[in-house]
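Just so you know, the protein sequences line up as chains A and B, in that order.
According to the working numbering, the first sequence holds residues 1 to 112 in order.
According to the working numbering, the second sequence holds residues 1001 to 1114 in order.
Keep in mind the hints are simulated off the structure, nothing from the lab.
Among these hints, one or two may not hold up.
[Stated by the list, open to error] Restricting the straight-line Cα-Cα distance to at most 20 Å, the calculated cross-link-like pairs of lysine to aspartate or glutamate (EDC-like) are:
#: 1; chain 1: B; residue 1: Lys1011; chain 2: A; residue 2: Glu42
#: 2; chain 1: A; residue 1: Lys68; chain 2: A; residue 2: Asp24
#: 3; chain 1: B; residue 1: Lys1071; chain 2: B; residue 2: Glu1052
#: 4; chain 1: A; residue 1: Lys5; chain 2: A; residue 2: Asp24
#: 5; chain 1: A; residue 1: Lys111; chain 2: A; residue 2: Asp84
#: 6; chain 1: A; residue 1: Lys5; chain 2: B; residue 2: Glu1052
Computed from a predicted structure; not experimentally measured.
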Amino acid sequence: DQQVKQNSPSLSVQEGRISILNCDYTNSMFDYFLWYKKYPAEGPTFLISISSIKDKNEDGRFTVFLNKSAKHLSLHIVPSQPGDSAVYFCAAWGSEGNKLVFGAGTILRVKS
Amino acid sequence: DTGVSQDPRHKITKRGQNVTFRCDPISEHNRLYWYRQTLGQGPEFLTYFQNEAQLEKSRLLSDRFSAERPKGSFSTLEIQRTEQGDSAMYLCASRSAGGPGTQYFGPGTRLLVL
């Protein structure tokens, strides 16, 4: 039962352009969402989060959008840089549990 | 200390052996989590501590797995009688008290069971 889904296994973007990573969830109890970036052989690094009471949160080049009615969130990276190449995980936190539920990840490749 | 640390970073063992991993969380964090990640998947929750109390365990955590956090600081995860299916990255994360919050991950321990 995959409660958090990242349907695009990989994404390739030209340097300087926008990267858009998508995430869908099924559990309406989720009320806090996070994006993590992961390089090979390292642990996930926190990028940005959003509470369900908001529909947008911005931090520098990173913006997360939340559409609660569609149970969908997206991460926008503008402009994309080669150092952004990594695996990006969407994660959700719900009040019924103390754990994060992760998607399977999207591999982002930014070409220079 | 500015982050979560894990030891060892890599472990190769033979099937049937026992292994133990250690996690040192960020010092002011009272919540500690263990996750397991296999190739092509996101991290999957294993267990959760609030201070020294183990409050939640996943059904993924079979009776061969045990975790402790004896003094509410560092934690250990032991796998007894390892199987090839236990090969994975074992991740530790910590966070501070209060509502939903960011979990900060360590670098992980990569386990290979031969």
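Evaluated hints:
no.: 1; hint: Lys1011(B) with Glu42(A); in the structure: holds, 15 Å
no.: 2; hint: Lys68(A) with Asp24(A); in the structure: holds, 10 Å
no.: 3; hint: Lys1071(B) with Glu1052(B); in the structure: holds, 6 Å
no.: 4; hint: Lys5(A) with Asp24(A); in the structure: holds, 5 Å
no.: 5; hint: Lys111(A) with Asp84(A); in the structure: holds, 10 Å
no.: 6; hint: Lys5(A) with Glu1052(B); in the structure: violated, 33 Å
Checked against the numbered hints given earlier, the structure breaks only hint 6 and satisfies all the rest.
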